[in-house]
Amino acid sequence: MLHQLKGRFGAPVAMAIVGLVGIWLVVMVVLPQWQMIAYSFHPNLLPAEIGGPKDHWSLTNYATLFDNRIHLAIFFKTLWSSVLVTGLTLLVSYPIAYYLAKVATPGQAALCLLLLVIPFWINEILRTFSWFILLAFRGPLNELLLALGLIDRPIRFLSGDGGVLVGMVYAYILFMVFPLYNAIESLDGNQIRAARDLGAGSVRTHWRVVIPHAKPGIATGCIMTFMLAAGSYAVPALLGSPGSRWFTQIIYNWFFEGGDWNQGAAYAFLLLVLCIGFMSLVMRLFKVGLADIAR
Amino acid sequence: MSAERFRDWGLRFYLGIFFVYLFLPLVIMGAATFNDSRFPTVTPWRGTTLKWFEALWADGGMWDALGNSLLVALGVLCLAVPIGVASALFLTTVESRAKPFVYGLILSPLLTPGVIIGISTLIFWRQFDVAGGTLLTVLGQTTFIAAYVMLMVMARLQRFDRTLERAALDLGASPWQAFRRVLLPFLKPAILSAAVIAFLQSFENYNTSLFVVGYDTTLTVYIASKVRTGLTPAVNALGLILILITIGLAVIYELKRRRESRLAAR
Amino acid sequence: MDGSVTLDDVMMRFDDFTAIEPTRLTIESGEFFSFLGPSGCGKTTLLNIISGFLTPSEGQVRIGGEPMASVPVNRRPTAMIFQNLALFPLMSVYRNIEFGLEVRNVGRAERRRRADELLDLVALGGSGDKPISALSGGQKQRVAIARALAVEPRVLLLDEPLSALDLKLRQHMRTELKAIQRKTGITFIYITHDQGEALTMSDRVAVMSAGRIQQVADPETLYQRPATAFVAAFVGENNRLPGRVVASDGETTTLDVPGLGRLAGRTGQAQLAVGQSAALFVRPEHLRLDTTGDDTRLEGDVTSVSFEGAWRMLEVCLADGSTRLRVLLGQGAGPAANPVAGHRVELGYAPRDAVVLTDDAPADVDAETGEPLASRTGEGQHAASA
Chain A
1 MLHQLKGRFG APVAMAIVGL VGIWLVVMVV LPQWQMIAYS FHPNLLPAEI GGPKDHWSLT
61 NYATLFDNRI HLAIFFKTLW SSVLVTGLTL LVSYPIAYYL AKVATPGQAA LCLLLLVIPF
121 WINEILRTFS WFILLAFRGP LNELLLALGL IDRPIRFLSG DGGVLVGMVY AYILFMVFPL
181 YNAIESLDGN QIRAARDLGA GSVRTHWRVV IPHAKPGIAT GCIMTFMLAA GSYAVPALLG
241 SPGSRWFTQI IYNWFFEGGD WNQGAAYAFL LLVLCIGFMS LVMRLFKVGL ADIAR
Chain B
1 MSAERFRDWG LRFYLGIFFV YLFLPLVIMG AATFNDSRFP TVTPWRGTTL KWFEALWADG
61 GMWDALGNSL LVALGVLCLA VPIGVASALF LTTVESRAKP FVYGLILSPL LTPGVIIGIS
121 TLIFWRQFDV AGGTLLTVLG QTTFIAAYVM LMVMARLQRF DRTLERAALD LGASPWQAFR
181 RVLLPFLKPA ILSAAVIAFL QSFENYNTSL FVVGYDTTLT VYIASKVRTG LTPAVNALGL
241 ILILITIGLA VIYELKRRRE SRLAAR
Chain C
1 MDGSVTLDDV MMRFDDFTAI EPTRLTIESG EFFSFLGPSG CGKTTLLNII SGFLTPSEGQ
61 VRIGGEPMAS VPVNRRPTAM IFQNLALFPL MSVYRNIEFG LEVRNVGRAE RRRRADELLD
121 LVALGGSGDK PISALSGGQK QRVAIARALA VEPRVLLLDE PLSALDLKLR QHMRTELKAI
181 QRKTGITFIY ITHDQGEALT MSDRVAVMSA GRIQQVADPE TLYQRPATAF VAAFVGENNR
241 LPGRVVASDG ETTTLDVPGL GRLAGRTGQA QLAVGQSAAL FVRPEHLRLD TTGDDTRLEG
301 DVTSVSFEGA WRMLEVCLAD GSTRLRVLLG QGAGPAANPV AGHRVELGYA PRDAVVLTDD
361 APADVDAETG EPLASRTGEG QHAASA
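Chains as they are written, first to last, in the numbering used here: chain A, 1 to 295; chain B, 1 to 266; chain C, 1 to 386.
Looking at chain A on its own, in the form it has when it is part of the complex (with noise of 0.2 Å):
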């Protein structure tokens, strides 16, 4: 290993390379997460008793979640969600990227994806924030809806799920416009029109077609989509309610209101373990490597 580097670079840089990336792997990746996954197996504990008896492994921290309904009810909720959320995003965003990638004139494309880069641009507190101002109870959503005689009384968008969901598909759907985008754009022309000369479909095309080829695309898209929802604290902090709380919220609340570490580390690996699930079992159905997804 040293030696290819050293071949290459020489021995000042790849020493250099070398210890830049083991810092990082070993002091800022896997150092940091081994540490919370081993205090979320450990108890709570004041400083003096630590290292005494009662400091010794347990799974106290993870009978808490099963053993309390709103929590436990919370954490699907939250799976639940995040996957309406990818579903959404999804179904929202195909239509743009087969636009994009084979639809539109080169000139369009390249307008249109500049459109689209500038709020991506944009701080995600911010964009949920404008929301917050869209869907307020008094805000231009409900003027309007009023003003067209659609409705009699305002309506509460930011009580509910509602507004979260809006919120998420808003502030993600960028992480799914651009693989999807990638994936079909590499896609023959040819093999379309083919498709059409044999008589098939405009949903058959698609659905022969153009998903398979962009499957790598799709998972991607879904992967990180998934990820952003289900550890997303600002858009349901923002446009919740105390009645709609996220995972992530209460991991916060274990942290910073709680005073519980353990506790927290427990629910936050437990978040990790769900991502880390959902991303498998995208990768198993699509049958696309780490390799697909970092393109």
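There's no promise every hint is true.
[As the list claims (entries may be wrong)] Cut-off 27 Å, straight-line C-alpha distance, at most; resulting in silico cross-link-like pairs (DSS-like, lysine-lysine): (1) 6/A with 102/A; (2) 102/A with 256/B; (3) 183/C with 168/C; (4) 215/A with 54/A; (5) 178/C with 188/B; (6) 188/B with 256/B; (7) 99/B with 287/A; (8) 188/B with 99/B; (9) 256/B with 130/C; (10) 77/A with 6/A; (11) 130/C with 168/C; (12) 188/B with 51/B; (13) 6/A with 188/B; (14) 178/C with 168/C; (15) 215/A with 99/B; (16) 130/C with 183/C; (17) 99/B with 6/A.
[To be verified] From chain C, some residues computed to sit far from chain B (all C-beta separations above 10 Å): (18) 100; (19) 116; (20) 246; (21) 352.
[Stated by the list, open to error] If the Cβ cut is set under 10 Å, some of the chain B residues that face chain C in the computed set are: (22) 131; (23) 166; (24) 185; (25) 261.
For the record, the hints were derived by calculation from the structure and aren't laboratory data.
Computed from a predicted structure; not experimentally measured.
Yeah, the Cβ is synthetic: ideal placement off N, Cα and C, and Gly gets one too.
For chain A, the structure is supplied; the task is to place chains B and C on it using the hints.
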């Protein structure tokens, strides 16, 4: 009208709606800055004012947070760019059976929710008595931003013709000279782009920072706390300024990137 | 300065594949020496061993008599012209040429003086400030040569440098390369699968096959007196007639060729035992229709005639029904030499013009491997050089 054209018009209509969906909330948020209302909204319009810019200017907490954000972003830049470049060089040079494993490890921060990166960083450094603050924010953000830098540098590195390095050696250059004079200049555009992205990622980060900022609040964390407690249109004023700066940067970056890809295509 | 290159039993193994069989060879200082062979024969590996990119599994390389085993790539007195040229795309012509001097800390003024000198040598004077992307294929070629010469190598290694050029330019560059070699007096070691290049430029050529040098000789000897069946088949065009030796002495060998009877030719190798399998090679230009008294005769049907301007190429299917011979007819050939497809003809050759060699060449290596390779390089490369 053929089915094909019907479909195309349908797609265009959908695209139009989509872009309204994308931009309308931002426009409304910006517009609310100028409404003379205690609460940020555009309905009802109570008269046009610039006073919320003044209020923002006078907000000391905002300035502190901005200073912190810039400091953190600078720190992340100094760590994440060298680490990302080193990882890309590592992955394109080393051929071994351990490589897929290392590759997975390097990508893992991108597939881990930001809050978890924040939490693990916070917990890990507690044993060294390092509490949340600027330092931990830099470390936490670097953990995943370095992986973004790696991907961007790697994309360019894969197009590098390694015969050029051989040519440099053959002409008498030391490996260091070949690296310094041939490979680095080739990577420079990707490294600069990655640096810009790293800076912005850091500046905008919320999920990871939330857990590790301690009392050294960054601007994003500050905005979020303002939205929940003490919301006034001054937040909109700040948002509007940030959006305008971001759009400006995005356009410059995109134009520059396109010019480069045109040059490269020649 | 001595630019001789000696291979002392150099041998190269990759895992269980032997890329270079033990090879002993000396290339004289100031010589234009070519390695000729089909792709995969090991010639590029040999070049990489000489330049120092590869370390031989056994044996050693000496340049000017000095062992090179402990001398790394960047300290060897060699310079390489790469197949894709490997010009630094982000540097100007000047900075490319000066690169080797720059890394040796040669002063700015001196560097520029050398670069200008070299640009004049390769007929590119005044182009120093151009970016590489502004050059044509031929100009890039010249810059690559100037860049390699700038470090004053004792040996210049050329790895199929002309393969990216179109046919016309390639032929022009042959003359040019030869002229530069004569002017500078540097040892040129040239790698190619194109026998035209090897034969026209080289003082000596080593023909390689499957990691082994088959013959080292000047171009004319290679053509007239091939030492192995591989060389006979690979260099120039040849008709191959396999059979068994029935009689052999120092001068003449007679073969029994199934379906065609006894055919005689010059003995090409010392050790031809009666009964062993061997092949008779006779070149198309040595076959004639107006046979004379001593000729060995063959009968067959003309299957095709192609008119090529100065000559015509006949294809004749012999009496055994499967052997096909190519016959080259010059313009001076008499009225008898005007057959059309379908005619039965009698062919003849003088036994001293044919050669019998041990038939160790795999059947598909004769004209087929040599010919398509040589003609293929002219196509599809125009875009790259435009």
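Do the hints match the structure? See the list:
1. 6/A with 102/A: Violated, at about 46 Å.
2. 102/A with 256/B: OK: residue 102/A and residue 256/B at ~25 Å, within 27 Å.
3. 183/C with 168/C: holds, 23 Å
4. 215/A with 54/A: violated, 50 Å
5. 178/C with 188/B: Not satisfied, since the Cα-Cα distance of roughly 40 Å exceeds 27 Å.
6. 188/B with 256/B: holds, 14 Å
7. 99/B with 287/A: Holds, at about 21 Å.
8. 188/B with 99/B: Holds, at roughly 25 Å.
9. 256/B with 130/C: holds, 23 Å
10. 77/A with 6/A: Violated, because 52 Å separates the two Cα atoms, which is more than 27 Å.
11. 130/C with 168/C: holds, 24 Å
12. 188/B with 51/B: Violated - the C-alpha atoms of residue 51/B and residue 188/B are around 44 Å apart, more than 27 Å.
13. 6/A with 188/B: holds, 22 Å
14. 178/C with 168/C: holds, 16 Å
15. 215/A with 99/B: Holds, at roughly 25 Å.
16. 130/C with 183/C: Holds - the C-alpha atoms of residue 183/C and residue 130/C are around 26 Å apart, at most 27 Å.
17. 99/B with 6/A: Roughly 17 Å between the alpha carbons, so the hint for residue 99/B and residue 6/A holds.
18. 100: Since the minimum Cβ distance to chain B is about 4 Å, residue 100/C lies within 10 Å and the statement is violated.
19. 116: holds, 18 Å
20. 246: Since the minimum Cβ distance to chain B is about 54 Å, residue 246/C lies beyond 10 Å and the statement holds.
21. 352: Holds: least Cβ distance 48 Å, greater than 10 Å.
22. 131: violated, 47 Å
23. 166: Since the shortest Cβ distance to chain C is 6 Å, the answer is holds.
24. 185: Because about 5 Å separates residue 185/B from the closest Cβ in chain C, which is inside the 10 Å limit, the hint holds.
25. 261: violated, 15 Å
Of the hints listed earlier, those the structure fails to meet are numbers 1, 4, 5, 10, 12, 18, 22, 25, in rising order.
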